[in-house]
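> Each chain, written out:
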Amino acid sequence: MSFDILFNQFMSGIARASLLFLVASGLSLTFGVLRVLNFAHGSLYMLGAFVTYSIWKGLLIPVVGFYIATFLAALVMGGIGIIIEFFLLRRLYARGWPEQLLVTYALVLIITDLVKLGWGGEFLSIPRPVPFKGAVSLFGFPFPSYNFFVILLGLALVIFLWWLVYRTRIGDIIRAAAHDREMVAALGIPIPWLFTWIFVLGAMIAGLSGGVAGPYGAIALGMDIEIIVECFAVVVIGGMGSLPGTLLGSFIVGQVYAFGIMFKPELALAFIFMVMAAVLIIRPWGIFGRPER
Amino acid sequence: MKRIAVLITIVFVLSLLVVPMVMAQAKPTPAKEPAKAPAQAKPVAKPAAPKEPIKLGAIYCFAGPCYMYSESAINGIRIAADEINAKGGIMGRKLDVIVRDTEMKVDVGAREVKDLILREKVNFLEGPCSSGVGLAMQVVHSEYKVIRVTTMANTEGQVVDKFTPYIVQIVPNTYMEAKAATRYLHKKVPTAKKFATINPDYEFGRREFAAFKEEITKLVPDAEILYEAWPKPGEKDFTAFITAIMAKKPDAVHSSLFGGDLVAFTKQAAPYEFFKTPFIALYDLPVLLALGPDAPEGTFGFGRGCFFMDPNPKMLEFVDKYKKVRGAYPDSWAVQAYDGVYLLKAAVEKAKTSETEAVIKAMEGISIDSLRGRFTIRPLDHMGSVPCYQGTIAKDPAYPFKIWKDISRVPGDQVWRSEESVREVWKKTGVVR
Amino acid sequence: MVIQKMEQNESMVKRGWWLILLLAGAIIAPHVISDFYLVILIEALIMSLFALSFNLLFGYMGQLSFGQAAFYGLGGYTVAMLITKVNFNFWLSLLAGVGVAGFVGLIVGFFCVRLRGIYFAVLTLAFGQLLFVIIYKWHDFTGGDDGIQGVFPPGILKIPIVYYYFVLLVFIASAFILWRIVNSPFGHTLKAMRENPERTEFLGIHIARYQLITFVIAAAFAGLAGALWVPFYRSVAPFYLMWIKSGEPVMAAILGGASTFFGPVLGMFIMTFIHAYILGFTHFWPIIMGTIILIIIFALPGGILEFAKVKLKERQERMKSAKGSP
Numbered sequence: 001m002s003f004d005i006l007f008n009q010f011m012s013g014i015a016r017a018s019l020l021f022l023v024a025s026g027l028s029l030t031f032g033v034l035r036v037l038n039f040a041h042g043s044l045y046m047l048g049a050f051v052t053y054s055i056w057k058g059l060l061i062p063v064v065g066f067y068i069a070t071f072l073a074a075l076v077m078g079g080i081g082i083i084i085e086f087f088l089l090r091r092l093y094a095r096g097w098p099e100q101l102l103v104t105y106a107l108v109l110i111i112t113d114l115v116k117l118g119w120g121g122e123f124l125s126i127p128r129p130v131p132f133k134g135a136v137s138l139f140g141f142p143f144p145s146y147n148f149f150v151i152l153l154g155l156a157l158v159i160f161l162w163w164l165v166y167r168t169r170i171g172d173i174i175r176a177a178a179h180d181r182e183m184v185a186a187l188g189i190p191i192p193w194l195f196t197w198i199f200v201l202g203a204m205i206a207g208l209s210g211g212v213a214g215p216y217g218a219i220a221l222g223m224d225i226e227i228i229v230e231c232f233a234v235v236v237i238g239g240m241g242s243l244p245g246t247l248l249g250s251f252i253v254g255q256v257y258a259f260g261i262m263f264k265p266e267l268a269l270a271f272i273f274m275v276m277a278a279v280l281i282i283r284p285w286g287i288f289g290r291p292e293r
Numbered sequence: 001m002k003r004i005a006v007l008i009t010i011v012f013v014l015s016l017l018v019v020p021m022v023m024a025q026a027k028p029t030p031a032k033e034p035a036k037a038p039a040q041a042k043p044v045a046k047p048a049a050p051k052e053p054i055k056l057g058a059i060y061c062f063a064g065p066c067y068m069y070s071e072s073a074i075n076g077i078r079i080a081a082d083e084i085n086a087k088g089g090i091m092g093r094k095l096d097v098i099v100r101d102t103e104m105k106v107d108v109g110a111r112e113v114k115d116l117i118l119r120e121k122v123n124f125l126e127g128p129c130s131s132g133v134g135l136a137m138q139v140v141h142s143e144y145k146v147i148r149v150t151t152m153a154n155t156e157g158q159v160v161d162k163f164t165p166y167i168v169q170i171v172p173n174t175y176m177e178a179k180a181a182t183r184y185l186h187k188k189v190p191t192a193k194k195f196a197t198i199n200p201d202y203e204f205g206r207r208e209f210a211a212f213k214e215e216i217t218k219l220v221p222d223a224e225i226l227y228e229a230w231p232k233p234g235e236k237d238f239t240a241f242i243t244a245i246m247a248k249k250p251d252a253v254h255s256s257l258f259g260g261d262l263v264a265f266t267k268q269a270a271p272y273e274f275f276k277t278p279f280i281a282l283y284d285l286p287v288l289l290a291l292g293p294d295a296p297e298g299t300f301g302f303g304r305g306c307f308f309m310d311p312n313p314k315m316l317e318f319v320d321k322y323k324k325v326r327g328a329y330p331d332s333w334a335v336q337a338y339d340g341v342y343l344l345k346a347a348v349e350k351a352k353t354s355e356t357e358a359v360i361k362a363m364e365g366i367s368i369d370s371l372r373g374r375f376t377i378r379p380l381d382h383m384g385s386v387p388c389y390q391g392t393i394a395k396d397p398a399y400p401f402k403i404w405k406d407i408s409r410v411p412g413d414q415v416w417r418s419e420e421s422v423r424e425v426w427k428k429t430g431v432v433r
Numbered sequence: 001m002v003i004q005k006m007e008q009n010e011s012m013v014k015r016g017w018w019l020i021l022l023l024a025g026a027i028i029a030p031h032v033i034s035d036f037y038l039v040i041l042i043e044a045l046i047m048s049l050f051a052l053s054f055n056l057l058f059g060y061m062g063q064l065s066f067g068q069a070a071f072y073g074l075g076g077y078t079v080a081m082l083i084t085k086v087n088f089n090f091w092l093s094l095l096a097g098v099g100v101a102g103f104v105g106l107i108v109g110f111f112c113v114r115l116r117g118i119y120f121a122v123l124t125l126a127f128g129q130l131l132f133v134i135i136y137k138w139h140d141f142t143g144g145d146d147g148i149q150g151v152f153p154p155g156i157l158k159i160p161i162v163y164y165y166f167v168l169l170v171f172i173a174s175a176f177i178l179w180r181i182v183n184s185p186f187g188h189t190l191k192a193m194r195e196n197p198e199r200t201e202f203l204g205i206h207i208a209r210y211q212l213i214t215f216v217i218a219a220a221f222a223g224l225a226g227a228l229w230v231p232f233y234r235s236v237a238p239f240y241l242m243w244i245k246s247g248e249p250v251m252a253a254i255l256g257g258a259s260t261f262f263g264p265v266l267g268m269f270i271m272t273f274i275h276a277y278i279l280g281f282t283h284f285w286p287i288i289m290g291t292i293i294l295i296i297i298f299a300l301p302g303g304i305l306e307f308a309k310v311k312l313k314e315r316q317e318r319m320k321s322a323k324g325s326p
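Protein sequences, first through last, are from chains A, B and C.
The letter at position 140 of the first sequence is residue 140 when you use the numbering used here, and the numbering goes up by one with no holes.
The letter at position 360 of the second sequence is residue 360 when you use the numbering used here, and the numbering goes up by one with no holes.
The letter at position 146 of the third sequence is residue 146 when you use the numbering used here, and the numbering goes up by one with no holes.
Hint data in this document are derived by calculation from the structure and do not stem from the laboratory.
Treat the hints with care, as some may be off.
[To be verified] Using 16 Å as the maximum straight-line C-alpha spacing, the simulated EDC-like pairs for lysine to aspartate or glutamate come out as follows:
1. C:K85 x B:D251
2. B:K405 x B:E297
3. B:K249 x A:D4
4. B:K188 x B:D251
5. B:K193 x B:E228
6. C:K158 x B:E143
7. B:K213 x B:E228
8. A:K116 x B:E71
9. A:K133 x B:D294
10. B:K121 x B:E143
11. B:K428 x B:E224
12. A:K264 x B:E228
13. B:K276 x B:E297
14. B:K248 x B:E224
15. B:K232 x A:E266
16. B:K187 x B:E364
17. B:K323 x B:E143
18. B:K350 x B:D369
19. B:K395 x B:D413
20. B:K232 x A:D4
21. B:K51 x B:E349
22. B:K193 x B:E214
23. A:K133 x B:E273
24. B:K121 x C:D35
25. B:K314 x B:D369
26. B:K248 x B:E273
27. B:K248 x A:D4
28. B:K188 x B:D406
[As the list claims (entries may be wrong)] Here are the in silico distance ranges between beta carbons for each label pair:
29. C:N87 x B:Y144: 42 to 52 Å
30. A:G120 x B:E120: 19 to 29 Å
31. A:R91 x C:R318: 52 to 62 Å
All residues carry an ideal CB built from backbone N, CA and C; glycine is no exception.
Please model the entire structure based on the sequences and the hints provided.
Next comes the structure, spelled out in structure tokens:
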């Protein structure tokens, strides 16, 4: 097996990793601060994809239509995030995580049916947007330029989140709240509102990644369940709530899958869960996570 | 700080209000069910009213990727039932359709079949979408001695490995479909020797692959399968599979991907110039509709019979009816479900009763004129000689989406498993007949 | 003191009456209800056993498992494979199903019991999915996505009503065993560990060992539920091991009340019957189930049975105070 073939496979692993990172970063962020394992994150991703499609179709703006639609879809998901956090999750922070988890599980069921009601479950597809239609050449192999877009977007999100978490005052509060909620509250910072905004940010990231997934693949029912378990794997491997962890986690899952497909296709999926279980056994809080007190 | 927060909140709320409006504008087709025919149909059926209706349980999978197919099938069934009832029903008996959902779960499917049989007391069953659910159901309805016509789940297991007399298959099964598709691929690229395959990793994909392998080694004795890709059904990221296939440089690629998975695959494969390699997959109407301009011209497709595959007068008439009711083109899933209802009608009329054993007798060897032309049910394994279609994707000015040209229609009896072969499998699996 | 004791005895008798009434109802039920609801009743009983096994972990050990379906499915697969492939004795197959589930539970549990809270939930989810993928992908051995069909129980057990009495018997016996376990010193230790792990550790109790034993028991009973289900529907499929299936007992426990012994049973009965009823006229079941969960969580915190218990206690106290003040 020559180098260029391996490199090419590596690059497709990277493309998969960046899409996974886009989705999982929102999940990880929500978990890190709110300590809510959000099953509905995948559903928001799916809903984001469908909403993006409808807005794109409704706007009918040739070149930038898709980008505007994705942005608007992210906003809509943010709005839905407000509703979910404000009316549901907020009332449960005192009651323990199993009930929160079940609420997000209920949302998975509800959102699936809402999508069925709204779009009828057709397969939809958005053509790739203009500057990213073709492919570029890498070692003589073509590489889809849209994958570059996804990778770039993933990188941009990394930088944005890194800036937000490590370089701003809000970031200080976020990190402090993830560490010790009561302490931050005692300092007079309105924790409930902080939680709302973090959840909204997570939901917006879900919507954004759903929009990006439209031209990447297909928009169809069931994409919520497909993505969420893999995102759990990413977040668990990297460490729940850790940004560098999520980056590493998606890299590992993407590569394990890509090379699994190349060398042992029938076990590619099992490898991911093996890695996940191994990490949980050796280092339950993940590679970059911190053990809970 | 607070003011900004309030401002952002307002923006969000506004976006929530505005976007649905944009989306409402964007709605392409009226999804709402328009008023349907039965209202007018009733008076005609009235004279026969005192007779007990015949009940048909339509059990499909309204979840995930199956949702759309199931909706189509139900539409086809309802149109057929309304037509039949408008003309006085079956032997003067009204045809009632009762719809049930399996949620694409085997346990729910098995239970809902029991529900249809025990509570609704249906005479016949039609469905489901998922092959796995179909196999689980078959054990149950065979025990209760109720016939099921399978119009969508097409695993050969239902009529061959796990045959029971209570099943009738009028969708080309995995064996026939893959055999016919392989022949088409071979006809188009006779020089191809090195193949790669990509099939969804479940019952359907496994069987299609097995049939492809069997047929290609017959056609090309020195054929070689370089790589088998097995993405899970529902996979939406095929990049790694695509690069892995291309790394092997095959002469042609056989696939049984379908639906949303095929849409995703096609879009991801195109930038790699994957479609320079001859490729065949289940490019039927919904996939071509979703892909729009992205559908790869010159690539081969196979399918189970919709209007552009078989534009006979009867089919075109059905297209008009369907468009009137649903506002869209019918896909092959609606066509087959429609045919299923008429098959039952023909069998009941031949048997002159809806009693199961008599209908099975009548069904064996029956021929009907369907939307896909005339086909016959083989007495041995209850497999219909339904045609398989293949074609090459091309533009057509008459339609806003791409369709096929160079269409080949392979009658089922040319590709189905020979009776000896069926008996051989039965010997292994213990089916006695 | 004496009065209190008498009251306690009285309540015991009362509770006993309830059970006898329920039992009588359960025995008569198949002769009263229609064929279809008999099927649903069998389903509800088997699934209740599954929910009880889950609640041993959730309600008593305080750990939420999101991989319980893996053991349920393993029990089912063991029975299916033994019966269809080697024509094994039905009763021994059931036992083997329990054994295999328990054994795998021992291995999985060994790793899981060292974690708490959300990590426990995620690790059980990971192991569950791993087992699911193995069964799904191991086509030659397990039949892959196809599953296994034709798993028939022997003789008269093929008749639903007979199978019902058989399941009822197994259910009562299992519920009794589980009831004894949670009310034994072992069960009390378990609860103490849930409330205060550090203190119990100080008392010289090896938490991990206790939890591992519980995990194995729960896995074995989940396996029993699966082993009962599969011959009833004559088939098994990998879906039985999937995480979505693991969500069902979680919902049942929260619905009925995880802190009570029979809460999950009540929850499962409600879920099964409503599901069967609603699928009769709509395929929008998920949205209804989702809404029910939300309503229960927000309106009846702690579940239906817990809510009823609290209300009953309030009423009793009110009556007592009314009696006390002439």
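> For which of the previously enumerated hints does the structure constitute a violation, in increasing order of number?
The structure conflicts with hints 1, 11, 16, 17, 19, 20, 29, 31, although it agrees with all the remaining ones.
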